[in-house]
Amino acid sequence: MPLLKIDDNKFEVGKGKTVLEVAIENDIEIPHYCYHPSLEIAGSCRMCLVQIEGMPKLQVSCNTFIGEVPPARKVDGKYDMVVHTKNELVTKERKNILEFLLLNHPLDCPVCDQAGECYLQDYSFKFGNAHSRFDEDKRVRPNENLGSQIVINHNRCILCTRCTRFTREISGTSELFVEERGYNSKIAIIEDNPLDNLLAGNVTDICPVGALLSTDYIHKNRIWNMKKQPSVCQDCSVGCNIDVFTQKDKIIRITPRENHQVNGYFMCDIGRYGFHQYENIERITSPLHKSNGGFSEISWDIAIKEIIDRLKTNGSKTAAIASPFHTNETNYMLGRLFHGLIGTFPFMEDKEITYPSGFRISGDRSPNKQGMYDLCPQIVKDLPSKIKKQNIRGIYILDNGIDIELDDIWKKILKTMDFVVVQSYVMTSLSKTADIILPGLSPFESEGTITNDRGHVQWLRPSLPTPGDGRPDWEILNLIDKTENRYVDLNDLMKGLGKQFPSYSDISLFKLGEQGISLSKRAKE
Amino acid sequence: MSKFEPILTEYIKDEDCHTLSFYKNTGGYTALKKVLDKNPDNVIEEVKSSNLRGRGGAGFSAGVKWSFIPKDTTKPKYLINNADESEPGTFKDRLLINKAPHQMLEGMIIASYAINCNTAFIYIRGEFYKEYQLLKETLAEAYQAKLLGEGILGSNYNLDIVLHRGAGAYICGEETGLIESLEGKRGWPRLKPPFPAIEGYLRCPTIVNNVETLSCIPHIINRGAEWFKSIGPEKGPGPRLFCVSGRVNNPGVFEEAMGIPLEDLIFKRAGGIPDGKKLKAVFPGGSSSAILTADEAMDVIMDFEDLVAKKSMLGSAGVIVMDETVDMVQACLNIARFYAHESCGQCTPCREGTVWLVKILTRMVNGEGKDSDIDMLLEITDNIGGLIDFSKESFGKTICPFGEAVAWPVRSFIEKFESEFRSYIQEEKVLA
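Top line first, the protein sequences correspond to chains A and B. Once you know that position 293 of the first sequence is 292 in numbering that gives the first Met the number 0, the rest is easy, because the numbers rise by one and skip nothing. Once you know that position 290 of the second sequence is 289 in numbering that gives the first Met the number 0, the rest is easy, because the numbers rise by one and skip nothing.
Take these hints with a grain of salt, some might be off.
[Claimed, not checked] In silico BS3-like links for lysine-lysine, alpha-carbon gap of 27 angstroms or less:
id, chain 1, residue 1, chain 2, residue 2
1, A, K91, B, K415
2, A, K185, B, K234
3, B, K369, B, K415
4, A, K56, B, K234
5, A, K227, A, K249
Hints in this document: simulated from the structure, not taken from any laboratory. Since the model is a prediction, treat every value here as computed from it, not as a measurement.
Take these sequences, add in the hints, and give me the full structure.
In structure tokens, the structure reads:
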């Protein structure tokens with residue numbers, strides 16, 4: 000294995016790695032703009048120049064590959080490569096590149112959305128000059144819309160071309176390109192092909208400066224005022240890892256979080272902007288009881304007592320509906336409580352989209368169908384006919400939270416029921432059929448685990464506080480459990496779940512961490 | 000030394016010199032016949048030992064370049080004839096295309112055979128429309144005479160040549176910018192390594208040679224490497240087409256042996272400077288080369304090594320002569336403007352720095368110069384392309400040599416004629 004020396008650090012490295020890759024892996028900072036681990040090497044920003052002993056010129060570390068050299072050419076008799084990242088020559092060169100990049104930059108950090116997470120700011124602070132030597136007129140260009148949700152501020156752009164390479168290599172849609180030449184170069188689209196693909200939002204994340212902006216976030220907030228919560232997207236069965244940024248109980252934006260077992264570096268715009276769908280919903284924040292054709296609030300004690308009583312009288316004559324929109328823990332609790340019939344409502348399937356880079360948006364727009372089936376194996380296929388055959392008169396429903404019209408068969412069934420309980424955070428046409436509605440939590444309030452369509456279990460974390468009297472969905476089912484086996488908390492529940500379902504044994508939130516656990520990998524081991 | 004007789008341009012005065020029949024009658028395509036019986040490796044060896052160095056500007060050994068083509072690859076190999084002549088002050092390839100297209104073509108076929116390639120390209124500068132039309136005829140003639148296509152001259156060697164017009168960018172003369180352009184992409188030079196000989200056109204092994212370089216090949220095959228080496232300095236021998244332009248009585252292309260004194264070129268071949276004016280400065284190798292003062296110019300021979308020793312370069316051998324009436328600040332601005340206009344915009348220093356130079360120089364010319372401008376200009380040239388000093392590790396800051404191509408000449412103007420720049424600042428001289 001080649002022996003590499005970067006400044007005073009020695010590394011044995013795998014063949015075919017670049018100097019920059021090794022530096023990043025080992026927390027040695029080499030500033031860079033055009034390099035992005037998911038994109039082809041461009042080598043054009045010149046920010047990552049380093050000095051390599053024996054090479055006549057400074058080299059871009061992003062394109063300097065490390066290999067073994069013959070003994071005669073080893074430095075100090077043992078190193079295959081000796082790299083300097085901090086000496087005078089390199090330090091001076093960084094200053095120069097930063098000076099060039101800032102010549103025509105408007106220095107408008109006070110009103111720039113990137114401020115606080117901007118590499119132009121950070122590197123200038125660390126490596127740049129404190130003053131400008133540029134006395135000439137700056138290049139000034141107006142902002143332009145590149146797509147319905149993406150704006151470019153050309154004056155801030157440093158032409159690193161991460162965005163153009165993204166649309167070529169990751170989305171495969173090639174909307175962005177560099178127009179004009181030299182000093183007049185700028186990122187552009189052609190009119191009839193705007194940047195409106197479902198991955199478009201990612202260009203605002205990979206833009207290292209404040210040039211590419213999402214119209215959804217522009218001038219909304221300052222990064223340092225927001226709280227960042229790592230979680231998982233729930234808008235399809237892929238389960239992209241995300242960071243949810245909130246301020247004062249309100250989601251401000253969502254960005255993808257790196258996870259190479261799931262989504263790589265990216266997410267789709269369905270998930271990115273999906274949080275808006277919960278902003279103006281008819282939220283249920285207290286247990287409700289049907290009375291006089293409407294609903295009236297009741298206390299949890301009364302609601303739970305009534306449900307327990309009715310379940311007792313109904314005995315095995317109560318069916319239950321599991322939901323792929325609920326966590327593993329909630330579905331497990333449902334399966335544990337209802338020994339009789341469990342089924343689901345019909346699923347909605349969209350078309351699956353796969354991009355050239357392998358990134359996919361699943362046709363299954365529910366986050367946890369896999370987990371639901373794993374933990375409620377007793378789910379039957381044709382629940383309606385079984386309900387009819389067995390003359391079931393009561394039903395307990397985990398609501399998907401999506402307001403869709405049920406088909407006629409289900410409408411008829413619900414009408415014939417004596418007793419309908421719906422666990423839901425939102426008033427849907429389904430919850431309106433209930434005798435009792437129990438207020439659960441919305442996707443960004445829930446905590447628990449979900450399993451994606453490739454068997455990857457991930458930790459769903461709450462980004463928003465629980466409003467009103469709402470309770471975690473698993474906890475509601477725990478309350479209904481009249482036995483002495485109630486769980487103390489989520490971890491306790493997961494332990495119990497693992498005992499019954501060995502593939503999930505020994506999974507805890509702690510173990511899932513930020514990257515999750517793959518069931519299939521575990522099975523192989 | 001015996002008097003040099005033109006080799007590449009021997010017949011250019013004849014009216015029909017561009018035709019196949021004329022070329023054949025004067026011994027054309029005999030080298031190709033010889034080569035087709037030889038092992039391709041022997042051809043590479045012959046060219047290597049001739050010390051033929053590239054005539055496009057960089058001066059890299061042609062034979063060594065060919066030998067970089069991997070032998071064990073199953074990928075197709077390509078040859079590209081770089082006819083994108085666009086260096087200011089250079090107009091020799093155009094002459095060779097117009098007057099001896101079959102000589103160039105024979106060189107191409109031999110080179111293609113040597114590197115085992117079956118498809119070659121001529122990437123011709125877009126502005127050369129007449130030459131493009133002529134080359135279409137030349138290729139048609141060659142196909143008809145079985146010099147191209149399948150089974151060349153009855154051998155089992157096949158070669159097709161594609162003629163491709165550039166779209167007007169200086170940077171597409173840089174070999175990897177050219178390859179990108181030929182692939183239908185933006186003409187942005189590529190990161191090296193990999194070099195084109197390993198990954199070039201369509202990521203396949205590719206050799207890019209200049210028109211004049213290829214035109215030398217048939218003669219090397221016919222008369223041998225030793226003969227070629229005997230012309231001029233051994234390390235960089237052969238005939239060379241020198242383009243002399245600017246303030247001379249008789250501008251034009253002059254074929255001479257490598258190593259001719261620059262003084263002879265200017266004062267003998269190009270007829271000296273008009274109106275009895277004095278020589279002031281010279282670009283010895285196109286506008287990318289650092290200028291020489293009159294004294295330096297009188298003391299240099301047109302040889303790769305000697306010009307590097309004088310901190311300039313032979314480049315494309317485009318000699319631009321400036322007499323005492325030339326305003327060096329204006330000339331410097333002119334050069335800087337050209338490079339700012341032609342910068343591809345890929346690398347930060349070149350994209351931003353070239354225009355910064357222009358802005359300062361323009362201000363200076365408009366009488367708004369400041370004392371600090373001169374140091375600033377020098378520092379900017381350093382930061383774009385580095386010092387003109389190969390012993391220091393501070394040149395080569397951009398993907399392609401364009402950074403040096405702007406930095407070196409601009410720097411040389413300021414260093415060698417600093418007083419003229421100073422006087423612009425002090426006198427606040429405003430030009431009408």
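Structure-based check of each hint:
no.: 1; hint: K91(A) - K415(B); in the structure: 26 angstroms, holds
no.: 2; hint: K185(A) - K234(B); in the structure: 45 angstroms, violated
no.: 3; hint: K369(B) - K415(B); in the structure: 19 angstroms, holds
no.: 4; hint: K56(A) - K234(B); in the structure: 24 angstroms, holds
no.: 5; hint: K227(A) - K249(A); in the structure: 12 angstroms, holds
The structure is inconsistent with hint 2 alone, although it conforms to all the rest.
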